[in-house]
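S.K.: Using the sequences and the hints given, assemble the complete structure.
So the sequences go chain by chain: A and B. Residues 5 to 526 in our numbering are what the first sequence lists, from first letter to last. Residues 5 to 526 in our numbering are what the second sequence lists, from first letter to last.
Read the hints as simulated data drawn from the structure, not as lab findings. Each hint should be verified, as a subset may be incorrect.
One copy or two, either will do: identical chains are not told apart, so a pair holds if it fits within one copy or between any two.
Said to hold, decoys possible - Calculated pairs, DSS-like style, for lysine-lysine (alpha carbon to alpha carbon, straight line, at most 30 Å):
no.	residue 1	residue 2
1	K375	K300
2	K399	K435
3	K30	K289
4	K500	K192
5	K224	K451
6	K223	K289
7	K192	K224
8	K231	K35
9	K30	K399
10	K35	K192
11	K500	K231
12	K231	K30
Each chain, written out:
There are 2 protein chains.
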Amino acid sequence: MIAVKLLITSALLLSVDCYIVDPGPKVIATKGEVWPKPQLQQNYDSYFIVQPQIFEFRIIWDGYQKGRDNFDSSSNIYYKKLWLSDDNYLGYLSTLNVSLHGPCVEDEYPSFSMSEEYTLVVTDRTVELSSNTTWGILRGLETFSQLIYRGDDTITLRINSTVIMDYPRFSHRGLLLDTARHYIPMDKILTTLDAMVYNKMNVFHWHIVDDQSFPYVSKKFPELSEKGAYTNAMVYSPSDIKEVIEYARIRGIRVLPEFDTPGHTRSWGVARPELLTECYSDGYKTGQLGPLDPTKNDSYSFLQDLFQEIGEVFPDEYIHLGGDEVDFDCWESNPDITAFMEKHNITGQYAELESLYIQQLINIVDELNSKSIVWEEVFVNGVVLPNDTLVHVWKGGWEVTIFDVTATGRPALLSACWYLDHLDSDGDWEKFYSCDPYGFFGTDEQKKLVLGGEACMWSEVVNEYNVISRVWPRASAAAEKLWSSENVTDVTDAAKRLEEHTCRMNARGIGAQPPNAAGYCL
Amino acid sequence: MIAVKLLITSALLLSVDCYIVDPGPKVIATKGEVWPKPQLQQNYDSYFIVQPQIFEFRIIWDGYQKGRDNFDSSSNIYYKKLWLSDDNYLGYLSTLNVSLHGPCVEDEYPSFSMSEEYTLVVTDRTVELSSNTTWGILRGLETFSQLIYRGDDTITLRINSTVIMDYPRFSHRGLLLDTARHYIPMDKILTTLDAMVYNKMNVFHWHIVDDQSFPYVSKKFPELSEKGAYTNAMVYSPSDIKEVIEYARIRGIRVLPEFDTPGHTRSWGVARPELLTECYSDGYKTGQLGPLDPTKNDSYSFLQDLFQEIGEVFPDEYIHLGGDEVDFDCWESNPDITAFMEKHNITGQYAELESLYIQQLINIVDELNSKSIVWEEVFVNGVVLPNDTLVHVWKGGWEVTIFDVTATGRPALLSACWYLDHLDSDGDWEKFYSCDPYGFFGTDEQKKLVLGGEACMWSEVVNEYNVISRVWPRASAAAEKLWSSENVTDVTDAAKRLEEHTCRMNARGIGAQPPNAAGYCL
Chain A
5 MIAVKLLITS
15 ALLLSVDCYI
25 VDPGPKVIAT
35 KGEVWPKPQL
45 QQNYDSYFIV
55 QPQIFEFRII
65 WDGYQKGRDN
75 FDSSSNIYYK
85 KLWLSDDNYL
95 GYLSTLNVSL
105 HGPCVEDEYP
115 SFSMSEEYTL
125 VVTDRTVELS
135 SNTTWGILRG
145 LETFSQLIYR
155 GDDTITLRIN
165 STVIMDYPRF
175 SHRGLLLDTA
185 RHYIPMDKIL
195 TTLDAMVYNK
205 MNVFHWHIVD
215 DQSFPYVSKK
225 FPELSEKGAY
235 TNAMVYSPSD
245 IKEVIEYARI
255 RGIRVLPEFD
265 TPGHTRSWGV
275 ARPELLTECY
285 SDGYKTGQLG
295 PLDPTKNDSY
305 SFLQDLFQEI
315 GEVFPDEYIH
325 LGGDEVDFDC
335 WESNPDITAF
345 MEKHNITGQY
355 AELESLYIQQ
365 LINIVDELNS
375 KSIVWEEVFV
385 NGVVLPNDTL
395 VHVWKGGWEV
405 TIFDVTATGR
415 PALLSACWYL
425 DHLDSDGDWE
435 KFYSCDPYGF
445 FGTDEQKKLV
455 LGGEACMWSE
465 VVNEYNVISR
475 VWPRASAAAE
485 KLWSSENVTD
495 VTDAAKRLEE
505 HTCRMNARGI
515 GAQPPNAAGY
525 CL
Chain B
5 MIAVKLLITS
15 ALLLSVDCYI
25 VDPGPKVIAT
35 KGEVWPKPQL
45 QQNYDSYFIV
55 QPQIFEFRII
65 WDGYQKGRDN
75 FDSSSNIYYK
85 KLWLSDDNYL
95 GYLSTLNVSL
105 HGPCVEDEYP
115 SFSMSEEYTL
125 VVTDRTVELS
135 SNTTWGILRG
145 LETFSQLIYR
155 GDDTITLRIN
165 STVIMDYPRF
175 SHRGLLLDTA
185 RHYIPMDKIL
195 TTLDAMVYNK
205 MNVFHWHIVD
215 DQSFPYVSKK
225 FPELSEKGAY
235 TNAMVYSPSD
245 IKEVIEYARI
255 RGIRVLPEFD
265 TPGHTRSWGV
275 ARPELLTECY
285 SDGYKTGQLG
295 PLDPTKNDSY
305 SFLQDLFQEI
315 GEVFPDEYIH
325 LGGDEVDFDC
335 WESNPDITAF
345 MEKHNITGQY
355 AELESLYIQQ
365 LINIVDELNS
375 KSIVWEEVFV
385 NGVVLPNDTL
395 VHVWKGGWEV
405 TIFDVTATGR
415 PALLSACWYL
425 DHLDSDGDWE
435 KFYSCDPYGF
445 FGTDEQKKLV
455 LGGEACMWSE
465 VVNEYNVISR
475 VWPRASAAAE
485 KLWSSENVTD
495 VTDAAKRLEE
505 HTCRMNARGI
515 GAQPPNAAGY
525 CL
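M.R.: Dropping the structure here:
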């Protein structure tokens, strides 16, 4: 009873001296927390002060020259960032030993099978960053840069003692950008790649053409963009594409091109109407053109030439073939297609017709030594697929689809949870954060077949002015679900870290919108 | 029968020669259409070609010097815009006669009662723009600038013959910007004012402070922002505010300040905790502070001083007093407030307590010769209001509230339809466009009491990076509902004009997002 009274009295005293007015943001940012959260991190309260003027990168090299070239161009990004921080602070100094142990001979471009594992030990004045690959070093440098924070004195840069062993949960951590519904200029694509590496995303899925426009400048078929792009200026030239690929490469990001067929190809038909199906009404041609015509041999030789070029232009081992949302009405109306289907004993089975088409396309791509990714309809419609074709699941009810895909032993990618064009009024990253790619009933074997996922920025109502703020930091939620441990699910903790991470992105020139209601960045 | 056959045959022939592949945007932009749509416009197919090099503004002047000063600074905006267009085209030339007929002695600042009416006649090589006020001339110049479009040759600038008599449907056409949940830097505020004038909006409702931060730098009480702003840099100094007011003035935009009380004041309490209510729990102070304490005389003398300053800083005749979302819990817990209410015979009636407060505040403002605007709760709670206090309706079920407000003979503003923080996945301007301020059952007399409305950009998840693209062109929908005739309701037509208007805003440096699915701006 006395204790209670004392408690109340001290509460009373406290309340007289200390008002709690509680203005400001609801979510207070963390300091020096890493996004996405490392797999294993042991944190200590002790810290070092970093003095950029005398801080040293020391590169310890076990690899070969090729890897070294990669690393030299990549690490410049981080040198610059750290040195830019502030010239006016005081304090201790430190060294970062960068140790690359593995060989890098075949590792010029990032790939699905690259290792991104690294360890980072900050327990001494000399920080140890080590990895077997340049890609791991890159991820570790990103982590190191995020560990540094400004002390409460707002002057010193600090880093807490910490030991990190880190690697991605999924190998394929992508962002799809649609550059066909609205043209996205080059500078915004490069900014997007910057932001991706800050979030340890490693696949730029370039949905480069669609019904609305064909901005890809083909060397073999320049007429496609000359006639099918919105304007002559709204195109991606071979040198633009080369720049994107190189900019992505030195950041450890793959560039995955998508040329979606047989639907979503209206813009192809401006220059090459003969590729598309002639639609009929009551037995007469309407003049309208529909999806690619799967019955014409000429179409396949065109596709062979085009995809050969695509395989040469884009170094990634995968090509995304699309295959979504094929409208069968026009095919159904066309008497030549009907005759073709009779001949092939698939009368009335348009999914079968699509299968015939996609199988031929996959064979073409296969012969070019590329692997295929297809949207889920291709699987659902029963197309016979090579074993290594990835099925990209994007529709509602994804838990069932991904179960079915993996039950047949086939690898899958998940995007259904991460459609960035679906908006909510509040900072809706929590919705994206609540989705786990293993969130379906399936065996461990099935889950191992989920190779990752992608956040998708379809650009119907997105242009150069809102693309960056709409993607970031909402895509960061997907990035953490794809990198961090399955056990990282605490939304309250994530909110604080994402507040810091968003300010960090803002400070690095990414015009991200706020993640949480009210707040500010220092 | 023969006719039918012929028809089919020509359709067949047509279909062979002319493929319809239909790529590109779903909505094709108009050319030279005005947004918001003028009240009366007679269009002709004939057109003139405008040659910027030799095109002449000729100012015919009936007004006095003061009006001339206004006009000189304002019209520079338009001179510059036209001249910047393009130096390389060919064609005819023209003259714009600008005729200001009325006197402007008392018209230094735009006001609620200003006339914005103008006529614009483009039927001869000499265009005639006339108005009785500089504000009307400004609106007419905006219209003139929008009538000019690029011909199909993409080189010539053209203007169609047209006769326009135009005036706003509502006098108060506002945009609320919340600069407290997130700080919005000056350049984005000025850009917002630019965009407002392109949409003929005339009230910048500056929701300058709130619970989260107090960025307004008071001359009398500098401690409010020193302690209540997010940081020392995230403030609006007296010279910043002066700049905003002047930038708005020469664009015919009023700056309406809001200092919301007695709720939404947590940030006030950082420097001045004694203004706020001390909350209790079980008879003991919790240390928490609630809304302004309406029982203390000192609070009112503080408010008198503060609002006197506000009246001096902001030249507009109106001050927005807020009054929304007052949380009564803290008031209910406080024994001093309970005693005060007993003494005033309003025990348990917290709406009455709020009324006492607001009445005193309105009296203060009244004595300072300012008029008041309050959020709807003040009216709903039964506060006795001066006849000219405007009630700002913002909640769902607005049709009932606005009926009730106007049924008592009181003027109203509508914002309930135009909350820009409420997002839909598609370009959701149609939702804003479907709302009409007369869309309630009421007499003509009641409808006359609706003086206009405001689109509201609350900034919980809005910062400098997404504020412009989130507001525009969505607020343009509200702008047209507030300017144009009640009969302008055709969404299909509006979509085409808004496509053009958005590209026009983009070209003028407003980073508006796309209004419609897919497309591009030349």
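S.K.: Are the hints correct? Go through all of them and say.
M.R.: To see whether the hints hold, each was checked on the structure:
Taking the shortest Cα distances, K375 and K300 sit within 30 Å of each other inside one copy (24 Å), while across copies they are farther apart (76 Å). In the homo-oligomer, the alpha carbons of K399 and K435 lie at most 30 Å apart both inside one protomer (16 Å) and across protomers (26 Å), since each shortest distance falls under that limit. Taking CA atoms no more than 30 Å apart as the test, K30 paired with K289 passes between copies only; the shortest distance there is 23 Å, against 62 Å inside one copy. For a Cα distance limit of 30 Å, the shortest separation of K500 from K192 qualifies both inside one copy, at 27 Å, and across copies, at 27 Å.
For a Cα distance limit of 30 Å, the shortest separation of K224 from K451 qualifies neither inside one copy, at 41 Å, nor across copies, at 65 Å. Taking the shortest alpha-carbon separations for K223 and K289, neither the intra-copy value of 33 Å nor the inter-copy value of 76 Å comes in at or below 30 Å. Taking identical chains as interchangeable, the C-alpha atoms of K192 and K224 lie at most 30 Å apart only when both belong to the same chain, with a minimum of 27 Å there against 45 Å between chains. In this homomeric assembly, K231 and K35 come within 30 Å of each other (Cα to Cα) only across copies, at 22 Å, whereas the closest approach inside a single copy is 52 Å.
In the homo-oligomer, the alpha carbons of K30 and K399 lie at most 30 Å apart only across protomers (24 Å), although the nearest pairing inside one protomer, at 34 Å, exceeds that limit. For the homomeric pair K35 and K192, the shortest alpha-carbon distances inside one copy (28 Å) and between copies (28 Å) are both at most 30 Å. In this assembly of identical chains, the alpha carbons of K500 and K231 lie at most 30 Å apart only when taken from different copies (23 Å versus 49 Å within one copy). Taking the shortest alpha-carbon separations for K231 and K30, only the inter-copy value of 18 Å comes in at or below 30 Å, while the best intra-copy value is 52 Å.
When held up to the earlier numbered hints, the structure conflicts with 5 and 6 and fits the remainder.
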